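Colleague: The listed protein sequences correspond, in order, to chains A and B. Using the working numbering, the letters of the first sequence correspond one by one to residues 1 to 494. Using the working numbering, the letters of the second sequence correspond one by one to residues 1 to 494.
Treat the hints with care, as some may be off.
For chains that are exact copies, the list does not tell them apart, and a pair is met inside one copy or across any two.
To be verified - Listed below are the simulated SDA-like cross-link pairs for lysine to any residue, each with C-alpha atoms no more than 20 Å apart in a straight line:
id: 1; residue 1: K266; residue 2: V404
id: 2; residue 1: K189; residue 2: E158
id: 3; residue 1: K171; residue 2: R350
id: 4; residue 1: K122; residue 2: R132
id: 5; residue 1: K189; residue 2: I114
id: 6; residue 1: K165; residue 2: D33
id: 7; residue 1: K268; residue 2: E279
id: 8; residue 1: K138; residue 2: S381
id: 9; residue 1: K138; residue 2: T203
id: 10; residue 1: K38; residue 2: L258
id: 11; residue 1: K494; residue 2: R68
id: 12; residue 1: K100; residue 2: R234
id: 13; residue 1: K10; residue 2: C452
id: 14; residue 1: K171; residue 2: G493
id: 15; residue 1: K494; residue 2: E339
id: 16; residue 1: K421; residue 2: G493
id: 17; residue 1: K473; residue 2: D180
id: 18; residue 1: K418; residue 2: D442
id: 19; residue 1: K295; residue 2: L322
id: 20; residue 1: K268; residue 2: D236
id: 21; residue 1: K17; residue 2: D255
id: 22; residue 1: K165; residue 2: D362
id: 23; residue 1: K189; residue 2: E395
id: 24; residue 1: K138; residue 2: K482
id: 25; residue 1: K266; residue 2: R325
id: 26; residue 1: K270; residue 2: D323
These are computed hints drawn from the structure, not numbers from a lab. Quantities reported herein were computed from a predicted structural model and do not represent experimental measurements.
One-letter residues, chain by chain:
Protein chains: 2
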Amino acid sequence: MFESAELGHKIGKDVWKRDIPELREGLLDAQLDLLQSKKFPVVILVAGVDCAGKGETVNLLNEWMDPRHIEAHALRDLTDEELERPHMYRYWRVLPPKGKIGIFVGTWYSGPLIENVYGRIKNAELDQALERIIRFEKMLCDEGALVLKFWLHLSADEQKKRLKKLEKDPKTRWRVSEKDWQHYKLYDKFRKVSERMLRSTSTAESPWVIVEGTDPRYRYLTIGKVILNALRQRLDAPEPPRHEEPIPPLLPSIDDLLILRTLDLKKKLKQDTYEDELEKYQGRLNLLTRDEDFKKISVVIVFEGNDAAGKGGSIRRITQALDARQYRIIPVAAPTEEERAQPYMWRFWRNIPRKNRFAIFDRSWYGRVLVERVEGFCPRSDWMRAYHEINDFEEQMIRNRTVVVKFWLAISQEEQLKRFKAREKIGFKRFKITNEDWRNRDKWGEYELAVCDMIDRTSTEIAPWTLVEANDKYYARIKVLKTVCERIEKALGK
Amino acid sequence: MFESAELGHKIGKDVWKRDIPELREGLLDAQLDLLQSKKFPVVILVAGVDCAGKGETVNLLNEWMDPRHIEAHALRDLTDEELERPHMYRYWRVLPPKGKIGIFVGTWYSGPLIENVYGRIKNAELDQALERIIRFEKMLCDEGALVLKFWLHLSADEQKKRLKKLEKDPKTRWRVSEKDWQHYKLYDKFRKVSERMLRSTSTAESPWVIVEGTDPRYRYLTIGKVILNALRQRLDAPEPPRHEEPIPPLLPSIDDLLILRTLDLKKKLKQDTYEDELEKYQGRLNLLTRDEDFKKISVVIVFEGNDAAGKGGSIRRITQALDARQYRIIPVAAPTEEERAQPYMWRFWRNIPRKNRFAIFDRSWYGRVLVERVEGFCPRSDWMRAYHEINDFEEQMIRNRTVVVKFWLAISQEEQLKRFKAREKIGFKRFKITNEDWRNRDKWGEYELAVCDMIDRTSTEIAPWTLVEANDKYYARIKVLKTVCERIEKALGK
């Protein structure tokens, strides 16, 4: 795999002088076209062996293009903000939007690579990590991003020479650390693991480009030309014709026995029982948040449900039990312009809570498989892959010790009608009812099927859905509170 | 995930009688259309908990459709032929061709599932196995197959009831074994692992359909309708317009320093040295094949190279050292009709050797990234994904203790011309030179780039390419023989 990158590639000064003006002009042009068309985001990874010129390459790219629309990220130690969130959070938060270029140095590959080289994770775990990366990059590509991956390579001899040279010069001595020599001693191991990594993550959509790092002119010119070529090709390509992919539609159950229809919506609580229980569970919840171990976990609560099912009321009964600094309510509506320029899941990643905190989502990432599916806002293949992406997302949170609680608040059609009419009458509630609510109501059956598919495909052993019979608000609120308490208790091992 | 499959779905006799005629007619029609159009192959998986009706379902599908064009595979214990090959061999060999339907019971999922439930493999290894499955199914979908996956579910109570009932009836008692009860005791574990498995392998292209297994009519009708719907949808869909995917082309090295060009083609051996070495290495090879440990491995040798580079001669120098019952030479030319109806890699899978055997490929799966790429026989996305598929394929062989040796025999353009002309003159060699050879020669440069990309992307730490300077036949043959000996010695730990 590294054979061609050990041949001693070199570019003479003459060629350099001849090619650079055209390359730079081309890159600037392409960057401008990208910025104006906002066709897609560009993710460039610069990885490879130590001293192969990763940093210099990024500096040069910044110099060659308009640096206001490139952002380079050399992520090293995790900040405390990042430490408290799932591993990929640090990358999600800095993904470039459509029209912009993000350059990542080191990147999501370095962690698993180093860990395996130093024997801290086994090959099976390395493979797990790599598969997560493949899924992440596949998601980026599916969402339209151009992903370019460069691996700067040096032979063992060349790396040693490089380290010695840097060490000799007082001006660059600081760049060589104990750790670099330690890495160098593991060169063979490092090379072997890198090869395994490159092999398994070189996909058709985002193949690695291995570049010999020895000669700077060769390195820069190669990377520059590959970037320009890929940019131009994507910018100039005609929009592919939209055609429905050959994914068969999901069929509803043949016997009309939908899980939503099996709920007993007559369930009720009397007012005085309600008040007792409310006090009991709010107290329990509050106590839990003050538990010493609560500092090690975070809680994400998702509220989905029919319009007017009482999501807001249930949320308030939770937050009443919490310290206001400890929670955030995230109302999810149509995406903002900034959010539309990012992968679908981006706006949820940015709202993952820190440890010791709650994030309460009033509607959520499930919009993809509910409203977007029913209203046809995205093609079938997009919402079909969303089930997988959502399960992935929740799994990453859970691995980071987040308790993920998901509620579907269900009311009957009659109850909804009653509430809609009441809302129209009461002045201070009128803002809560819009034409859209009435339109959604017309599609009751389609939404019902979408909800059942959502439950079937995303109610998992690690993040189950809780279906809440919500015709009676008292009953619903207590069921919600009780479930939240129980799930947190389970996470705390109580 | 199993919520909807525990609701007690049932279909009455009346509905059954009403729906079945139309369903059966529809299925037969669709099957005939499929057979005549040969548009795609259909792979149906029937998996799930014990006693949920997997076998009966398959029987019924066979009854409903024309059984001559359906093949059902209930693969249980590995045959000795299968035992000696990579794990997926048994599935590859029975994949349905385009136009036909293959039904798999149990399938590639059962192994990893059972192993994990019984604690014989850890979660990380389960994930590795599942990712291999995802890649396999992705390949099937990329190659155009329709993959339908059914999971028949029973609740714990229902399964127990089923087992008891079967045991009670003397006619069905034989169907319940000790092992079934053993499985039953692990129901909760089994359920949990299944859920993890279904979650991670439900992709947009081939999502699982979970079917409650309790009521036979419900089960049959659901599966029948899903199959009919998917078949019809794919059969009736217009061919998607062919458009070049937005994958950027691979760029050649900017400095003309190609690895092929760095070979010293002047390397030579004198005739008498050649004869000594030939005897030495052939003897060594023969001895190796009679080593006791050789019975535990197999050897795959791949010959690629320029036309007239001497592949045949090199192969003969190997086989001279072997027992004729121990090797097969597989000449690879344009695929046969049978092979064209299968995924690209199928014709190589069927030729994987047993233990203690050699398979020598005169040209190989690398045709995908050489001739098919250069001649445009397949779109770029197909040969780009082939690098990954090829590495996967070789990795599976190597995990099964196959020694994979790959040779590129390189000659210069001048040497090739000399040999072409000589072949045209000598009567008994004339069959070896065709118009196609001359045409290929015109594309020397394009082939050169394709070969270099092939080396860069598939010369891996586990299956490296050996580049052979072949202007001198003596030199080439000895280098080949010596490499084969060394690689086998390494595998035998000598």
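Colleague: Evaluate each hint against the coordinates.
Modeller: Cross-check of the supplied hints:
1. K266 with V404: Classified as neither; 27 Å inside a copy, 68 Å across copies.
2. K189 with E158: within (16 Å within a copy, 53 Å between copies)
3. K171 with R350: neither (40 Å within a copy, 61 Å between copies)
4. K122 with R132: both (16 Å within a copy, 18 Å between copies)
5. K189 with I114: within (10 Å within a copy, 34 Å between copies)
6. K165 with D33: Neither: 41 Å inside a chain and 71 Å across chains, both beyond 20 Å.
7. K268 with E279: within (17 Å within a copy, 92 Å between copies)
8. K138 with S381: both (14 Å within a copy, 14 Å between copies)
9. K138 with T203: Answer is both; intra-copy 9 Å and inter-copy 12 Å each pass.
10. K38 with L258: Cα proximity of K38 and L258: none, with 43 Å in one copy and 37 Å across.
11. K494 with R68: neither (52 Å within a copy, 59 Å between copies)
12. K100 with R234: within (14 Å within a copy, 38 Å between copies)
13. K10 with C452: between (61 Å within a copy, 18 Å between copies)
14. K171 with G493: neither (55 Å within a copy, 49 Å between copies)
15. K494 with E339: Cα proximity of K494 and E339: none, with 39 Å in one copy and 60 Å across.
16. K421 with G493: Neither: 45 Å inside a copy, 81 Å across copies.
17. K473 with D180: Answer is neither; intra-copy 63 Å and inter-copy 46 Å both fail.
18. K418 with D442: within (15 Å within a copy, 79 Å between copies)
19. K295 with L322: Intra 14 Å, inter 69 Å, cutoff 20 Å: intra-copy only.
20. K268 with D236: Neither: 62 Å inside a copy, 50 Å across copies.
21. K17 with D255: between (73 Å within a copy, 14 Å between copies)
22. K165 with D362: Neither, since 58 Å and 48 Å both go past 20 Å.
23. K189 with E395: between (31 Å within a copy, 19 Å between copies)
24. K138 with K482: Cα proximity of K138 and K482: none, with 39 Å in one copy and 42 Å across.
25. K266 with R325: neither (37 Å within a copy, 77 Å between copies)
26. K270 with D323: Classified as neither; 28 Å inside a copy, 88 Å across copies.
The structure shown violates the earlier hints numbered 1, 3, 6, 10, 11, 14, 15, 16, 17, 20, 22, 24, 25 and 26.
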